[in-house]
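A.B. asks: Listed here are the chains, written in short residue letters.
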Amino acid sequence: MRSPLRAAATNDLAGIRARHPDVFALSPAQRLTGPAIVAIGVGLALYALWRLEFSFERIGTGIVQLGYFLTLMVPPSSGGKFAMYLGALAETLAIAFLGTLVAAVLAVPAALLAARNVVANRVVHFLARRGLDSIRGIDTLIWALIFVSAVGLGPFAGMLAIAAADFGAFGKLFSEAMENSDRKPVDGVLASGGSEIHAVRFGVLPQVFPVMLSQVLYYIESNTRSATIIGIVGAGGIGLHLAEEIRTLEWSRVAFLVLMILVTVAAIDSVSARVRFAIIGDRRRAA
Amino acid sequence: MLRLEGLVKNFGDKRAVDNVSLAVPAGQLVGVIGRSGAGKSTLLRMINRLVDPTSGRIEYDGIDVTALQRADLRAWRARSAMIFQQFNLVGRLDVLTNVLMGRLNKVSTTRSVLKLWSDEDKALALAALEQFGIAGIAAQRAESLSGGQQQRVAIARALVQEPDMILADEPVASLDPRNTRIVMDALRRVNRHFGITVLCNLHSLDLAREYCDRLVGISAGRVVFDDVPAALTEHVARELYGLEADEVMDMPASRAPAGVVAVAA
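From first to last, the protein sequence lines stand for chains A and B.
First residue of the first sequence? That's -15 in this note's numbering, and the numbers climb one at a time after it.
First residue of the second sequence? That's 88 in this note's numbering, and the numbers climb one at a time after it.
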């Protein structure tokens, strides 16, 4: 059965086309944009593969080699160093947790300065943004190398490295969350006679707090993995042992360490999911 | 013909809809009235199956709506279009795409996901927008429109579903008086001009009286009134709305004590 609307549309098809030409006929530029972007993307990817000497042959021999290592990994064994590994793992966790916490605490004031809707001054905003960008531009691993030279080998350097790198990341993420927050609650606070500080405290922060918290929880997870890597350059934790065992080709111990890290990351993942739900999931709870 | 038989919905211990039985012939404009929290929204959402009934049966032209699953259920939802108080448009998409959402059930998933709408569907969407005089804003983002415009876009979306029925859940509760008129006129037009059955939850009794062929009064989840608007006496209305009665009725005589009226006259 034809609906009256369909009848109206088909009877007046010419009229509708004439009144809304842009809906039906895309301009050549619009028509070509999509395919052009895809073509450029594919071209760049092919060029990069060629430049990086992509070779199926090397992937094949690599897989054979990896398979051989895998046979050496079974069964995983701590080789009597379990207590030592456990201590190093605890150190890694401490580096990740403290580093993230320090970064988050320091990033809040920096983010306030960098958020356009909080500090209206363009110069302050520009300096804060560029400052955070520069810090963020340097990877955790580089910060670790720098701090190992500056304060010596060990977990303290690792914690500083994570704090420094993530201060930049949090500053950017937090300030962007603040800029994306809804303007209406702010107007509500200002219209009630509140100051600019009140507007930030009661209008902006309650909106962005759940976002910030969820980012911090994610970074604690992710930093547990980063802390493993920076251990390799001497910034403490389990990464040091991992690097050592790989160097000496003790594959069963490597497998044991990798399993310990996997279990830990999975545990943190599930705990942080629960914490996130407990704090953010409950909408009735006030921030 | 839509038939509800002994429809019940419980939320935990609370009974939101209590043994509702109704028969709605095709082409009627039915107003569902009652105070806030009486179960009007739950009733409408059950018909569209956004909410599943705890017990009871919904039947439409011999189809057992309560038993529908998957593709059949989606096809039923397309046939019983829904209009919401908060419009429920996708704010970041343009008006035309929002209206074309009404075609999703009929277009292949590949085409719709890539936004490859057929010319016929585009014409349908534009024709629907022209019905309500808003085809000129087809390219604008939905979030940039006024409430009245957004609700008309939502009605256009419902219309291109080519539905048998439109379920409007408090369609004017977020609108100012002028836009309330425009939107209610649009719903009446959908009913009269396109012959689509309209079930409309309304808080305002005056609007319900003015626009509807038939009123169904719901109180604490039960049907307590079902008749033409003229049969709704002030006594019944007071029973239906309780303390809210004065808010929803425009009856100055009943609001002011008799003595005051006499003095003013």
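Because the hints were derived from the structure by calculation, they are not lab data.
All values reported here derive from a predicted model rather than from experimental measurement.
Errors might be hidden in some of the hints.
Only pairs whose alpha carbons sit at most 25 Å apart, straight line, appear in this in silico DMTMM-like list of lysine to aspartate or glutamate [said to hold, decoys possible]:
1. Lys202/B <-> Glu217/B
2. Lys168/A <-> Glu217/B
3. Lys101/B <-> Glu257/B
4. Lys202/B <-> Asp139/B
5. Lys168/A <-> Glu180/A
6. Lys193/B <-> Asp181/B
7. Lys193/B <-> Glu207/B
8. Lys156/A <-> Glu234/A
9. Lys168/A <-> Glu205/A
10. Lys202/B <-> Glu205/A
11. Lys65/A <-> Glu180/A
12. Lys202/B <-> Asp181/B
13. Lys101/B <-> Asp148/B
14. Lys193/B <-> Asp263/B
15. Lys168/A <-> Asp139/B
16. Lys168/A <-> Glu207/B
17. Lys193/B <-> Asp251/B
18. Lys202/B <-> Asp117/A
19. Lys193/B <-> Glu205/A
20. Lys202/B <-> Glu230/B
21. Lys193/B <-> Asp(-4)/A
Here are a few chain B residues that sit away from chain A, every Cβ distance over 12 Å (derived from the structure) [said to hold, decoys possible]:
22. Arg164
23. Asp208
24. Lys209
25. Leu211
26. Ala215
27. Val247
Residues from chain B shown here face chain A by an in silico Cβ test under 7 Å; the list is partial [what the hints assert, rightly or not]:
28. Val194
29. Leu246
30. Glu249
31. Phe281
Don't be surprised by glycine CBs; every beta carbon is placed ideally from N, CA and C.
A.B. asks: Hint check: Lys168/A vs Glu205/A, CA-CA at most 25 Å. Holds or violated?
C.D. replies: Not OK: Lys168/A and Glu205/A at ~34 Å, beyond 25 Å, violated.
A.B. asks: Just double-check Asp208/B for me: nearest Cβ-Cβ distance to chain A has to come out over 12 Å.
C.D. replies: It is violated; Asp208/B is separated from chain A by about 9 Å at its closest Cβ, not greater than 12 Å.
A.B. asks: Would Lys209/B pass as off the interface with chain A, using Cβ distances and a cut of 12 Å?
C.D. replies: Violated, since 6 Å does not exceed 12 Å.
A.B. asks: Take a quick look at whether Lys193/B and Asp181/B sit within 25 Å of each other, Cα to Cα.
C.D. replies: Measuring from Cα to Cα gives roughly 20 Å; hence the hint holds.
A.B. asks: For a C-alpha distance cap of 25 Å, please report whether Lys168/A and Glu207/B respect it.
C.D. replies: Judged against 25 Å, a Cα distance of about 41 Å means the pair is violated.
A.B. asks: Just checking, Ala215/B versus chain A, shortest CB gap more than 12 Å?
C.D. replies: Violated, since 6 Å does not exceed 12 Å.
A.B. asks: Check whether the Cα positions of Lys202/B and Asp139/B lie no farther apart than 25 Å.
C.D. replies: violated (31 Å)
A.B. asks: Between Lys193/B and Glu207/B, does the CA-CA distance stay at or below 25 Å?
C.D. replies: holds (12 Å)
A.B. asks: Measure nothing beyond the straight line between the CA atoms of Lys156/A and Glu234/A; if it is 25 Å or shorter, mark the hint as holding.
C.D. replies: violated (42 Å)
A.B. asks: In terms of Cβ atoms, is chain A entirely out of 12 Å range of Val247/B?
C.D. replies: violated (7 Å)
A.B. asks: Within 25 Å, alpha carbon to alpha carbon, are Lys168/A and Glu217/B?
C.D. replies: violated (33 Å)
A.B. asks: Is Lys202/B within 25 Å of Asp117/A, Cα to Cα?
C.D. replies: Distance of about 37 Å is beyond 25 Å: violated.
This entry does not satisfy hints 2, 4, 8, 9, 10, 11, 13, 14, 15, 16, 18, 19, 23, 24, 25, 26, 27, 28, going by the numbered hints stated previously.
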